[in-house]
Amino acid sequence: MSDTFDRMQSMFDGAIQRSGEIFWRPAADIYRTRTGWLIKYDLAGVRSEDIEVTVLGSRITVRGMRRDWQLEDGARHYSMEISYNRFERTLELPCDLSGTEVEIQGREGILLLRLTCQGDIP
Amino acid sequence: MSSTDNVQSLPVLPLKNAVLFPLVLMPLTIGRPNSIAATEAALASEGKDLVVVAQRDASKEAPALTDLYSIGTRAVIKQMARKSEGTLEVVLLGVERVVLLKLEQDGAYQTARIKPLPLPQEKSPEIEALHREVADLAARALAFIQPQAAEELRRLIDASKEPLRLVYTLAPMFGLELVKEQALLEAATVADCLRLMHSYLTHELQVLELRNKIADEAQSEMSKEQREYLLRQQLRAIQKELNGENPEASEVALLRERLAKLDLPEEVRKETERELARLERLPSAAPDYHVTRTYLDILLELPWKVATEDVLDIASARQILDEDHYDLREVKERILEHLGVLKLNPTAKSPILCFVGPPGVGKTSLGQSIARALGRKFERLSLGGMHDEAELRGHRRTYIGAMPGRIIQAIRRAGVNNPVLMLDEVDKVGRDFRGDPTAALLEILDPEQNRNFRDNYLDLPFDLSKVFFITTANTLDTIPRPLLDRMELLRLAGYSEEEKIEIAKRYLIPRQIKEAGLKPEDCVISDDALKAIIAQYTREAGVRQLERAIGRIARKTAVRHAEGRTEPVTIKREDLVTWLGPRRFSPEQARRQLPAGVATGLAWTETGGEVLYVEATLLPNGRGLILTGQLGEVMQESARAAQSYLWSHAEELGIDRDRFRKYGVHIHVPAGATPKDGPSAGVTMATALASVYTNYPARADIAMTGEITLTGLVLPIGGVKEKVLAARRVGIKRVILPRDNEKDLTDLPDPVVKEMEFIFADKIEDVLTAAIPQLGEHFAGVSAAV
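Those sequence lines, one after another, are chains X and A. For the first sequence, position 109 matches number 109 in this note's numbering, and the numbering has no gaps at all. For the second sequence, position 456 matches number 456 in this note's numbering, and the numbering has no gaps at all.
What the hints contain is simulated information worked out from the structure, not anything from laboratory work. C-beta: ideal position from N, C-alpha, C; glycine also. Treat the hints with caution; some may be incorrect.
[To be verified] Reference listing, derived: stretches of chain X covered by chain A, where coverage requires no fewer than 3 residues with Cβ under 8 Å from a Cβ of chain A:
{"hint": "1", "region": "67 to 73"}
{"hint": "2", "region": "82 to 95"}
[Claimed, not checked] Taking CB as the label site, the calculated pair distances span:
{"hint": "3", "chain 1": "X", "residue 1": "22", "chain 2": "A", "residue 2": "179", "range": "19 to 27 Å"}
{"hint": "4", "chain 1": "A", "residue 1": "104", "chain 2": "X", "residue 2": "22", "range": "23 to 31 Å"}
{"hint": "5", "chain 1": "A", "residue 1": "79", "chain 2": "X", "residue 2": "31", "range": "50 to 58 Å"}
{"hint": "6", "chain 1": "A", "residue 1": "104", "chain 2": "X", "residue 2": "114", "range": "44 to 52 Å"}
{"hint": "7", "chain 1": "A", "residue 1": "120", "chain 2": "X", "residue 2": "106", "range": "24 to 32 Å"}
{"hint": "8", "chain 1": "A", "residue 1": "96", "chain 2": "X", "residue 2": "32", "range": "46 to 54 Å"}
{"hint": "9", "chain 1": "A", "residue 1": "79", "chain 2": "X", "residue 2": "53", "range": "23 to 31 Å"}
{"hint": "10", "chain 1": "A", "residue 1": "129", "chain 2": "X", "residue 2": "32", "range": "40 to 48 Å"}
{"hint": "11", "chain 1": "A", "residue 1": "9", "chain 2": "X", "residue 2": "53", "range": "42 to 50 Å"}
{"hint": "12", "chain 1": "X", "residue 1": "106", "chain 2": "A", "residue 2": "79", "range": "42 to 50 Å"}
{"hint": "13", "chain 1": "X", "residue 1": "105", "chain 2": "A", "residue 2": "179", "range": "50 to 58 Å"}
{"hint": "14", "chain 1": "X", "residue 1": "114", "chain 2": "A", "residue 2": "129", "range": "45 to 53 Å"}
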């Protein structure tokens, strides 16, 4: 009985903390710039061809996949904390982003998105 | 994305007893070699994916495709760590539902070809309703499981807008059986899935509610028992502190100690030990404990073999008896006889005596004096008004508050098994539907039976044969024959004036003076005054009223002393009015002359003797015999017998038979308000009738008593002493007695016998000759003629 209980307990904790998303979410910083927005994603080890950015209304979504690779022959995991496989992150900004120009740049494991707004900056 | 659409090949991780749902994180410890191999393969891949499938049978270590369910979940390893014992700890995240198409062995592990199996997205009111219902049920059920996290869980549930997501997150929380979890995973539509979940939750909720209830009850039950246990422990500790040991055990030990010291009959010892063993096993709170305890107390207290030693010195016994009571020769002789027998035969049975006599003659005090003379303990109990056999014999122990009977209690009080036990007022035992105590007395007073007297409470035989039983009674009429048969009757007649004076001088005056706190010389009552007190202030067979009168004088003297007038007082006859008030009784006087039809009779009452007159008168033109004066049946019958006798002997008596035919006759016996009965007025009635028929008056200076028969015989009667004394009191000096009562004159004090003239009658003729002078002459003439 106590086993079941412990198991349930951990389930609750898991359920409450990570309410069941299939994808992992990269951390993101958002900056205001003179011309628009600058968003930093913590997305190291992700190939650029595996990243897809979509803009819809005031939302901007980054999704993709982090694939692991064999570093060395005969190396195998001793432990693993990095999330692999599919990720997705949707951010909502306080302005309409349609017609915004998006510039993608990778730098030292950080993905940078530079959004330049047309017209007035709200 | 392409990978979800297509058929893929992934390592298979079989799960025992669990189903991984999409959207759910599951921590797992992996230990089976093939599972480790499959996990390693997934870790080596780019995306860390594998397929998690539940095993149908948990006992299979290397399951084949048929041992696995065909629908599983594609999962991603989110975290992983190796443990020293070679197992892997992983956290898996369920991604999507897949169907297993084919299983292939790939070295140490299996790979499966899988195809995603998404549920059709649909929306309907039914799904909406089911969704809400499930959410509600889940919230209620979770409140039981996780009361402290109820708020958070409720929010989580409310946040699950998607029905499937709700089911998948909830399902692992209830620890459902594998089959049920798998069924949820395999559900064909969202609605099916919700329906299943709904039924499972309903069931779970019921179980939880029930379990909660049971737990509550168990809790309260437990706490109650625990409380009692705790209190008991504390009590025990307190008792221990107070007594130094277990009180129940010490009580039993004390009883055992007493038992060991006592000399008991074998049967009693056995029973006592049995009861002691029973007592030991009983907790002191048990109701039986005290019943058994009391029973044991009584058993151990009874004098089974304790007896006082009899004082067998006849001279000192005689002295004690004489000191305490005046005269009563017969009784004293009987006691001394018994002493003599005891001296020669110590095992002799004690006699059972019955003292019969009027009140105040000293029956009870005689019992005390006997005990003193014999050196025995004295106990008395009154049987007057007792009507329940159980009072003598006790109640069985099964009754609440049961006690031994009065006999055993008296023995217990005496503390010896050979006391003088006085049963007072044996003639006043009640008998009704509730029982007949005399029947119990039959056993108690039978020397053959009372050796094994069984009290209902004791239920053990007690030997009463050593007890010296004395019963007292005022009259024998109400004592049943069988009971009377068992006792030795000793009559204590009333006292004569001389005896009363002696008693007063020897016992009553010294006693009353002492009680008043005076010295003997302080108050002297002259003989003359005593006589006057007896005649004018008392009328009794005993001496109680006399003692009260003396007591009054003594107290008045004490008052004078208290007031300072300490000169000695001598009471003379003429002072009595000042000391005792006006005289209460005028001296009875015999009628000087009697008209024809009146005769002087003597009667015995419980309070002594009395003179009574029988009056007869003829009723011209009347018929039959009228009897008045509260006469009892026996007395009425003796009146009829007297009449019949006179009728049949009319010629001899010189009575004209026509007088019988012409006249009716009325007999009256004053005082009319006092009921009278008994056969002893027979001769008096015959004399009165003879007198009225012959018209010769009877002598006024002669009194008579005796029973008559139809053939004219005079039979003996009782109470001679009281009757003679009554005649003497009123100044009649001649008494006619039945011949057979001649022996009873020895009861009378010598001066009385000397003073009186007795005529002993065999037949009615003797009575009539003596009582009616003219008839005597007539008889003399007749006999001369013969």
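The hints, checked one at a time:
1. Against chain A, the region 67 to 73 of chain X contributes 4 residues with a C-beta closer than 8 Å to a partner C-beta. That satisfies the three-residue criterion, and the hint holds.
2. Counting residues of the region 82 to 95 of chain X whose C-beta lies closer than 8 Å to any C-beta of chain A gives 4; at least three are required, and the coverage claim holds.
3. For the pair residue 22/X and residue 179/A, the beta carbons lie near 26 Å from each other, so the given range of 19 to 27 Å is met.
4. Between residue 104/A and residue 22/X, the C-beta spacing of about 26 Å keeps the proposed range 23 to 31 Å intact.
5. Between residue 79/A and residue 31/X, the C-beta spacing of about 31 Å breaks the proposed range 50 to 58 Å.
6. Checked against the given bound of 44 to 52 Å, the beta carbons of residue 104/A and residue 114/X, roughly 48 Å apart, stay inside it.
7. Hint check: residue 120/A to residue 106/X, Cβ distance near 39 Å, so the stated range 24 to 32 Å is violated.
8. Checked against the given bound of 46 to 54 Å, the beta carbons of residue 96/A and residue 32/X, roughly 38 Å apart, lie outside it.
9. Here the CB-CB span from residue 79/A to residue 53/X is close to 28 Å, well matched to the stated 23 to 31 Å.
10. A hinted range of 40 to 48 Å for the beta carbons of residue 129/A and residue 32/X is consistent with their spacing of about 47 Å.
11. Judged by the Cβ atoms, the range 42 to 50 Å given for residue 9/A and residue 53/X is violated: they are separated by roughly 31 Å.
12. A C-beta distance of roughly 26 Å is found between residue 106/X and residue 79/A, which places it outside the suggested range of 42 to 50 Å.
13. The supplied range of 50 to 58 Å is met by residue 105/X and residue 179/A, whose beta-carbon atoms lie about 53 Å from each other.
14. The given range of 45 to 53 Å is respected by residue 114/X and residue 129/A, whose C-beta atoms sit roughly 49 Å from each other.
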